[in-house]
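Undergrad: Here's the letter readout for the chains.
Number of protein chains: 6
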Amino acid sequence: MRAAGRRPDELRPVSLDVDVNRYAEGSCLARFGHTHVLCTASVEDRVPGWLKGGGQGWVTAEYGMLPRATDQRTDREASRGRQTGRTQEIQRLVGRSLRAVTDLKALGELQIRIDCDVLQADGGTRTAAITGGYVALAMACRHLQEIKALATWPLTTGVAAISCGLVGGEPRLDLDYEEDSGAEADANFVLTGDGNLVEVQVTAERATFSEAQLLALLALARKGTTDLAALQQQALKRR
Amino acid sequence: MRAAGRRPDELRPVSLDVDVNRYAEGSCLARFGHTHVLCTASVEDRVPGWLKGGGQGWVTAEYGMLPRATDQRTDREASRGRQTGRTQEIQRLVGRSLRAVTDLKALGELQIRIDCDVLQADGGTRTAAITGGYVALAMACRHLQEIKALATWPLTTGVAAISCGLVGGEPRLDLDYEEDSGAEADANFVLTGDGNLVEVQVTAERATFSEAQLLALLALARKGTTDLAALQQQALKRR
Amino acid sequence: MRAAGRRPDELRPVSLDVDVNRYAEGSCLARFGHTHVLCTASVEDRVPGWLKGGGQGWVTAEYGMLPRATDQRTDREASRGRQTGRTQEIQRLVGRSLRAVTDLKALGELQIRIDCDVLQADGGTRTAAITGGYVALAMACRHLQEIKALATWPLTTGVAAISCGLVGGEPRLDLDYEEDSGAEADANFVLTGDGNLVEVQVTAERATFSEAQLLALLALARKGTTDLAALQQQALKRR
Amino acid sequence: MRAAGRRPDELRPVSLDVDVNRYAEGSCLARFGHTHVLCTASVEDRVPGWLKGGGQGWVTAEYGMLPRATDQRTDREASRGRQTGRTQEIQRLVGRSLRAVTDLKALGELQIRIDCDVLQADGGTRTAAITGGYVALAMACRHLQEIKALATWPLTTGVAAISCGLVGGEPRLDLDYEEDSGAEADANFVLTGDGNLVEVQVTAERATFSEAQLLALLALARKGTTDLAALQQQALKRR
Amino acid sequence: MRAAGRRPDELRPVSLDVDVNRYAEGSCLARFGHTHVLCTASVEDRVPGWLKGGGQGWVTAEYGMLPRATDQRTDREASRGRQTGRTQEIQRLVGRSLRAVTDLKALGELQIRIDCDVLQADGGTRTAAITGGYVALAMACRHLQEIKALATWPLTTGVAAISCGLVGGEPRLDLDYEEDSGAEADANFVLTGDGNLVEVQVTAERATFSEAQLLALLALARKGTTDLAALQQQALKRR
Amino acid sequence: MRAAGRRPDELRPVSLDVDVNRYAEGSCLARFGHTHVLCTASVEDRVPGWLKGGGQGWVTAEYGMLPRATDQRTDREASRGRQTGRTQEIQRLVGRSLRAVTDLKALGELQIRIDCDVLQADGGTRTAAITGGYVALAMACRHLQEIKALATWPLTTGVAAISCGLVGGEPRLDLDYEEDSGAEADANFVLTGDGNLVEVQVTAERATFSEAQLLALLALARKGTTDLAALQQQALKRR
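Quick mapping for you: the protein sequence lines, in order, are chains A, B, C, D, E and F. Reminder that position 29 of the first sequence reads as 28 in numbering that gives the first Met the number 0, one-by-one numbering, no gaps. Reminder that position 17 of the second sequence reads as 16 in numbering that gives the first Met the number 0, one-by-one numbering, no gaps. Reminder that position 79 of the third sequence reads as 78 in numbering that gives the first Met the number 0, one-by-one numbering, no gaps. Reminder that position 143 of the fourth sequence reads as 142 in numbering that gives the first Met the number 0, one-by-one numbering, no gaps. Reminder that position 85 of the fifth sequence reads as 84 in numbering that gives the first Met the number 0, one-by-one numbering, no gaps. Reminder that position 110 of the sixth sequence reads as 109 in numbering that gives the first Met the number 0, one-by-one numbering, no gaps.
Please keep in mind that the hints were generated in silico from the structure rather than gathered at the bench. Any given hint could turn out to be false.
Note that identical chains are pooled: a pair holds if it fits in a single copy or bridges any two copies.
Straight-line alpha carbon distances no greater than 35 Å define the calculated DSBU-like cross-link-like pairs of lysine-lysine that follow [claimed, not checked]:
hint, residue 1, residue 2
1, Lys236, Lys222
2, Lys147, Lys236
3, Lys147, Lys104
4, Lys104, Lys236
5, Lys222, Lys51
6, Lys222, Lys104
Build the full structure now, drawing on both the sequences and the hints.
TA: This is the structure we're talking about:
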């Protein structure tokens with residue numbers, strides 16, 4: 000039995016609150032159970048050097064975790080003087096996922112930076128970052144549209160992400176930290192609003208897995224991201 | 000006239016919310032107007048190397064600002080690979096201020112780390128960090144007391160801090176970012192619950208200042224920290 | 000049509016040469032077409048601090064690329080003072096993949112470090128690193144067995160990896176750099192000798208992809224890693 | 000009783016020797032007792048990027064300490080790869096203090112860098128750096144005047160600094176290292192030639208302090224900086 | 000007696016294989032016994048900032064060692080975050096030696112970077128890097144000549160280098176690692192094709208040495224570099 | 000003709016002042032014309048980790064240059080976050096040279112660190128550092144002898160160093176910066192008090208050189224270091 004009586008294919012309570020930062024062009028506090036990730040979208044009118052003059056924009060992401068986001072305090076990356084491999088891996092994944100639904104030409108020579116900062120972590124921070132990051136990105140695009148800085152809408156579809164894993168042989172959706180720690184395999188799936196795949200990452204932790212298990216995990220993820228896509232739409236409308 | 004009709008000796012709306020992090024031994028979200036600082040206190044059972052075996056504890060602080068805490072996004076210190084001088088200056092000040100009211104012998108060989116992370120910045124982040132950091136520290140001490148890890152209460156008195164400055168010749172309490180940017184001089188005062196001084200920092204920005212002006216600023220700060228001390232007591236009781 | 004008349008499900012010419020380094024406990028030069036990765040396995044009799052005294056060993060990997068491994072020279076990471084996110088992501092993947100087939104308890108308190116250095120890169124360096132790294136690891140284990148440093152054989156099965164991708168809508172095995180640059184999606188699969196999955200990573204580059212396409216890529220990878228497993232066995236026997 | 004029979008309001012023997020470096024546009028070796036700080040002013044014809052084209056100049060400072068300036072050798076910051084928080088705090092203070100008496104518009108688009116290197120440290124190095132740094136700065140300005148690079152004299156008044164503190168309850172001027180180590184509170188005051196305040200920094204070390212004690216320390220500092228201002232004038236004339 | 004029956008004035012078996020990298024404008028794998036150094040020459044059409052617009056080119060070198068090039072694995076410099084002093088010393092020497100035979104004006108505003116990566120180390124890696132680096136440089140120049148990017152041939156003569164040392168009082172040529180570890184003094188000589196000296200570095204390790212011994216070492220080096228120059232010419236012709 | 004009418008084989012005015020730092024166990028301000036290097040010797044009772052328990056000591060050196068030691072200000076290494084290759088090369092040379100005359104077993108498990116800080120630079124800083132560093136080292140040994148911390152005297156002989164070079168074809172001793180900048184070749188020689196060689200470094204800058212020229216430079220250096228050895232003895236006696 001899962002904590003709080005959750006079914007294997009059930010998300011934790013999810014909330015996506017927008018406009019949580021008064022300066023950012025877009026912002027969203029994504030909460031998946033006890034996992035809280037603050038996402039902001041910052042628009043800059045200069046693109047990275049290698050894109051200059053090419054008439055296209057860029058979307059990139061950074062990720063950080065407050066030292067006491069976790070049960071045991073971890074060292075602050077700024078004071079250690081370098082980001083861990085895990086941090087870099089996550090921020091690359093978030094950036095890639097958001098670019099997959101962005102028409103960079105339509106964006107024009109603008110850069111949107113998505114900052115995802117984990118205030119509290121209980122598993123699934125990278126997928127919460129993608130799901131909340133999309134909302135922040137969409138709000139920033141809406142802002143650009145309102146100030147007439149865009150010719151056409153640059154987001155081709157929505158994108159959401161969820162983790163799942165094999166625990167005691169059972170495929171489960173949206174693992175919390177305790178489940179994740181004991182999982183045989185864990186997975187992160189990123190899907191678009193129209194059900195296509197953007198990114199699949201499945202990793203054997205305690206046991207290798209079969210093709211059938213991969214498909215079972217994907218089925219769970221498809222269900223989860225469908226629900227998340229609906230919540231994203233509500234959050235964007237609510238504003 | 001100040002924004003929102005504030006009087007020169009009036010604080011912005013201040014709130015100190017406790018228990019905002021489920022893992023930390025103590026936590027407080029300090030809000031001074033639009034300035035929001037999340038403070039956590041983490042207890043560790045090992046002291047820095049140079050204190051080992053000396054029978055006394057340590058209190059230290061770290062400070063960070065989310066990239067989009069400010070109107071213009073700033074680079075993430077973790078990705079730049081070093082903390083700025085400003086960050087280091089602030090975290091040294093916060094640590095010193097909290098140690099000034101801590102009996103390190105009474106604490107025993109424990110270290111309490113106070114992490115102050117600015118979610119949104121509108122002036123006065125370092126003084127909010129001290130004021131909220133004290134609440135987090137006190138809660139961590141209460142936790143230690145509850146689990147019988149302390150022989151005696153280690154905090155000798157309370158401590159709170161506030162900024163003030165000379166704006167257009169007028170001494171003002173609790174400057175917001177816009178006031179701070181145009182101030183002739185700005186000051187940070189740290190005072191104990193019994194009205195003594197812990198730290199005085201006054202800096203000429205656009206004009207030097209006189210002894211009389213220094214005293215006027217101090218009078219404002221005394222009033223402000225008295226109010227803050229009351230709010231700290233309420234926050235600690237509320238729990 | 001692919002370069003050199005390759006069929007979509009055909010590997011490039013692959014060679015796995017062992018004993019290419021006179022000092023390492025195990026070594027393998029893995030060549031996949033023009034991609035050349037030198038893999039060495041170094042045995043150390045001390046494990047990382049967090050494992051000390053636990054009676055189990057560790058396998059870890061590092062990855063590097065010579066500056067002129069690529070068509071355009073890239074800056075040396077040692078002179079830039081930090082490893083890129085890509086490098087860290089790859090070395091974490093290689094380490095995870097090799098640990099998935101290692102019984103760390105059977106290894107005892109030893110650490111084996113796999114260094115994978117890319118002498119020349121034409122796509123697929125990370126999968127070549129895993130495939131060659133396994134050979135180096137197995138040789139180091141054999142060395143440990145010969146000197147009676149192991150009670151039982153610590154490798155539970157073999158492991159090999161291959162990249163594939165969607166190019167012009169067609170699923171293709173073992174992409175070279177040119178194909179990879181133009182692929183709609185690219186994938187890396189890590190499989191064990193008995194056909195189980197260790198790691199699945201599929202990324203949309205120019206277009207999202209469907210579940211059917213994911214399965215088509217997996218089928219290619221299964222064929223490719225079966226061939227690679229046979230080559231690994233030959234390489235290990237040849238010695 | 001203080002070392003060498005000093006009265007509580009008495010400076011240590013102070014000397015300010017100019018022209019101690021044959022390359023710098025201005026230089027001064029400031030000696031306060033056994034504290035020796037070598038200050039050079041270097042004129043550069045380019046300002047920091049954010050000031051370019053604005054028609055105003057900049058004054059900045061850097062601070063360093065030779066490894067054996069102190070009783071116990073400290074590690075060289077260059078070999079540790081980062082400046083300590085203390086170093087950064089001091090160099091920011093020195094720069095701010097000197098800019099407070101500089102009309103940056105009158106300077107024109109030039110930058111003057113003040114390097115303050117502590118050859119030997121016996122307390123009060125930062126205030127010696129400000130006091131000597133001003134002399135170096137003034138000499139560099141005189142040099143610029145002589146070569147007709149200035150339209151008007153850019154220094155609005157002089158500036159000097161001194162430390163003081165509470166030792167055994169007694170306010171004392173110009174603490175040496177031993178006094179500083181045992182002080183209840185220590186303070187640094189920066190004053191202009193006409194008696195205004197530029198910076199006030201008072202820190203409780205072993206005990207908090209009262210407003211009356213703050214004023215007593217300020218009175219000492221006012222006396223000390225008046226004497227230092229006279230010595231600065233002599234040094235500048237002597238040349 | 001030396002290993003493998005070598006005479007005191009005898010080189011180890013040396014091979015210089017060219018075109019070992021398909022991307023570099025010039026490349027050479029230099030093997031001196033078990034010492035293997037992979038040298039590539041990369042042509043770039045931009046010179047360092049301080050040379051821009053001066054009409055002359057630049058030749059520079061970088062040096063690295065694979066972690067398991069040596070008997071005991073050494074930490075990867077990229078993961079340690081800085082190059083050792085030894086690495087920097089060597090790459091400066093290689094760059095200087097190659098520039099000594101290059102007419103930088105004849106090269107025009109091009110930069111040639113020589114990367115020397117040690118795949119396996121058994122003493123004499125820096126001299127192998129110079130010897131092989133020259134071959135890679137000459138091939139890159141030939142490539143530039145073939146594509147008509149050079150008005151005149153920029154190499155004024157050849158250059159080769161060899162180590163030697165005093166072992167048990169006996170001057171020996173081309174020390175391997177074991178000899179080097181026990182040598183009283185070791186030396187690196189860099190000579191041009193016409194017998195002139197480019198660089199002399201002799202270091203007392205276990206005993207100081209006399210002028211006569213210096214001359215004996217130089218005589219050995221002269222013999223060795225004459226042989227190496229012949230091998231370089233053969234390698235360049237063979238292509 | 001050389002500046003100030005110097006003959007080709009004449010040193011600049013040299014002074015070696017001892018006891019210039021009140022904390023260091025040994026200290027010497029070495030002045031060669033306008034080159035001023037402050038050398039301190041610091042005794043520590045712990046050796047580097049790899050020597051622990053081996054019953055022998057260590058001598059090491061660090062080198063730094065104040066930012067305005069030179070005609071054009073250079074960036075502070077501590078603020079750039081890394082030491083240059085030049086700095087590391089020099090400090091390795093100084094350490095090696097001093098260890099060549101130290102019986103590390105006689106020293107016992109102590110470490111002596113020699114800090115050489117260039118206050119003003121006009122050529123020849125590394126040789127001044129060795130020459131002055133030896134005096135500081137000898138004074139520290141004398142101090143250890145006086146406090147009975149040494150069983151036997153650990154310095155086997157003296158050591159001094161000097162630069163020389165070929166300028167306009169003429170071999171010259173002790174180049175100043177201007178001569179050094181235009182030299183065809185420059186050299187640093189380190190010799191013991193009894194005339195043996197410790198280190199020879201000769202580098203072609205604008206032209207390669209012959210064996211005869213190498214010997215001419217060595218003859219100059221021998222004369223120069225003989226004079227320096229006498230000055231070192233006087234400095235040590237004077238105390």
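Undergrad: For each hint, tell me whether it holds in the structure or not.
TA: Verification of the hints:
no.: 1; hint: Lys236 / Lys222; result: within (22 Å within a copy, 45 Å between copies)
no.: 2; hint: Lys147 / Lys236; result: within (20 Å within a copy, 51 Å between copies)
no.: 3; hint: Lys147 / Lys104; result: within (16 Å within a copy, 39 Å between copies)
no.: 4; hint: Lys104 / Lys236; result: within (26 Å within a copy, 51 Å between copies)
no.: 5; hint: Lys222 / Lys51; result: neither (40 Å within a copy, 43 Å between copies)
no.: 6; hint: Lys222 / Lys104; result: within (32 Å within a copy, 38 Å between copies)
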